[in-house]
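Chains as they are written, first to last, in this note's numbering: chain A, -18 to 137; chain B, 14 to 315.
Derived pair list, reagent style DMTMM-like, types lysine to aspartate or glutamate, alpha-carbon separation capped at 25 Å: (1) A:LYS91 to B:GLU95; (2) B:LYS200 to A:GLU126; (3) A:LYS127 to B:GLU186; (4) B:LYS206 to A:GLU126; (5) A:LYS119 to B:GLU126; (6) A:LYS127 to B:GLU60; (7) A:LYS7 to A:GLU68; (8) B:LYS210 to A:ASP115; (9) B:LYS200 to B:GLU280; (10) B:LYS206 to A:GLU121; (11) B:LYS93 to A:GLU102; (12) B:LYS206 to A:GLU117; (13) A:LYS127 to B:GLU126; (14) B:LYS207 to A:ASP115; (15) B:LYS210 to A:GLU121; (16) B:LYS239 to B:GLU280.
Simulated from the structure, these hints should not be mistaken for lab results. These numbers come from a predicted model, not from an experiment.
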Amino acid sequence: MENQPRKELVVSAIENGTVLDHIPAKSVFHVMKILDLDNIENQVLIGTNLDSKKFGKKGIIKVRDKFFKNKEVNKIAIIAPSATLIEIKKYKVTYKKQVKTPTEISGSVKCVNPNCITNHENIISKFTVIKNPDGEIKLECRYCEKMTGKKNMEFI
Amino acid sequence: MKNRSLVSINDFSKEEWIKILDLANEFEKNPTQKILEDYVVATLFFEPSTRTRLSFESAASRLGAKIVGFSDSASTSVKKGESLNDTILTVSNYSDIIVMRHPREGSARFASEVAPVPIINAGDGANQHPTQTLLDLYSIRKTQGTLNNLHIAFVGDLKYGRTVHSLVAALCEFNTTFHLVSPVELKLPSYVKKHIKDKNLTYHQYTNLKDVISEVDILYMTRIQKERFSDPIDYEKVKNIYILENSMLDNSKDNLKILHPLPRVNEINEDVDTNPKAYYFQQALNGVFVRQALLTSILGVK
Chain A
-18 MENQPRKELV
-8 VSAIENGTVL
2 DHIPAKSVFH
12 VMKILDLDNI
22 ENQVLIGTNL
32 DSKKFGKKGI
42 IKVRDKFFKN
52 KEVNKIAIIA
62 PSATLIEIKK
72 YKVTYKKQVK
82 TPTEISGSVK
92 CVNPNCITNH
102 ENIISKFTVI
112 KNPDGEIKLE
122 CRYCEKMTGK
132 KNMEFI
Chain B
14 MKNRSLVSIN
24 DFSKEEWIKI
34 LDLANEFEKN
44 PTQKILEDYV
54 VATLFFEPST
64 RTRLSFESAA
74 SRLGAKIVGF
84 SDSASTSVKK
94 GESLNDTILT
104 VSNYSDIIVM
114 RHPREGSARF
124 ASEVAPVPII
134 NAGDGANQHP
144 TQTLLDLYSI
154 RKTQGTLNNL
164 HIAFVGDLKY
174 GRTVHSLVAA
184 LCEFNTTFHL
194 VSPVELKLPS
204 YVKKHIKDKN
214 LTYHQYTNLK
224 DVISEVDILY
234 MTRIQKERFS
244 DPIDYEKVKN
254 IYILENSMLD
264 NSKDNLKILH
274 PLPRVNEINE
284 DVDTNPKAYY
294 FQQALNGVFV
304 RQALLTSILG
314 VK
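Just chain A, same shape as in the assembly:
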């Protein structure tokens, strides 16, 4: 028995709520920010730079008693397309899937171009989601045609 590695959870389990697994380690705090998790009352457990067979290093976020809406899941899919969304009820997994990157998003990101009409009139922003071969995501504004990269993405 002594030679077998001890299996334990680095980040403890939750009874009810959502687990975001397989977040690229460098994106964990970005995901926290876009989901506004630094301002909620729920218990949030965070792990980062954990070992992962798939990614080398990964991050994980567990939020008690919270289930994300579609709009929030779309945001996660843009910042961390590799993430897995797991919903847990009474310690049991009720839903588990890799987040799906939408082909279009509207109303959740601000266009990076200060001269874009959407930043000056009451117009809902709309973007085509473009996935580079390296998996990086960019948003092409349907109006001004400019690209908004991940670094400049401001969520609304």
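Dock chain B against chain A, hints included.
Chain B only, in chain A's frame:
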């Protein structure tokens, strides 16, 4: 093309561009035809422009259309805070087609989504100006007899010039060899070069204008715009870097034509104007025929 908006050059296919050019050629032979007498064309110029607005209005007038609109938003409800949505919906009640120029990028696409009538984009900020691209294609085809397999030089501000970006993208459909002349700080952006690379076309980059003149069929000159520079010292460094003089054309090809979207400042010396290779004023006239072709195609009259 009936009832379709033209916001970006890619809204129409290559075959549709050619149809517009062929129709423009008909209007060049017979520019005054009262075929739009029953139509009202609105020209909404939220920022000033001389040649684009006048050439649209000239095109519409020669076809007998009535024109409503404004040439400066200062004298309209926009000044009172009216939204673009409301202005476009209101003007749609008074007209069959809207030609608009607006300082904000994306304004024309937005207008095309809310307006029940078709929109022609006459420039939305630094984004798109498709009617300029079509008149440039018309001018190239008319002077060279073809659009295919030409050597075309672009000179000056290749970084910020929207006419250059759209025209380069359009010419990629015609097996063009590109000769790009600019200061290092004003090189063609990589997202425009991508069109050239995607089609496996050849391009050469130069910093010296003299190296390219004898090589090309079309010399497309552009103005280096002061307002694009945040640092005035950077502008001073490059403002007079490319000045075309008549003597520089001695060894150029016989079929060479010089184009410029105008207005020019000093990048083409006035001694070039009388050289038969100078084509920029005819190019501006061609804009009328191309816009006649667009108005009639979109209104479904031709």
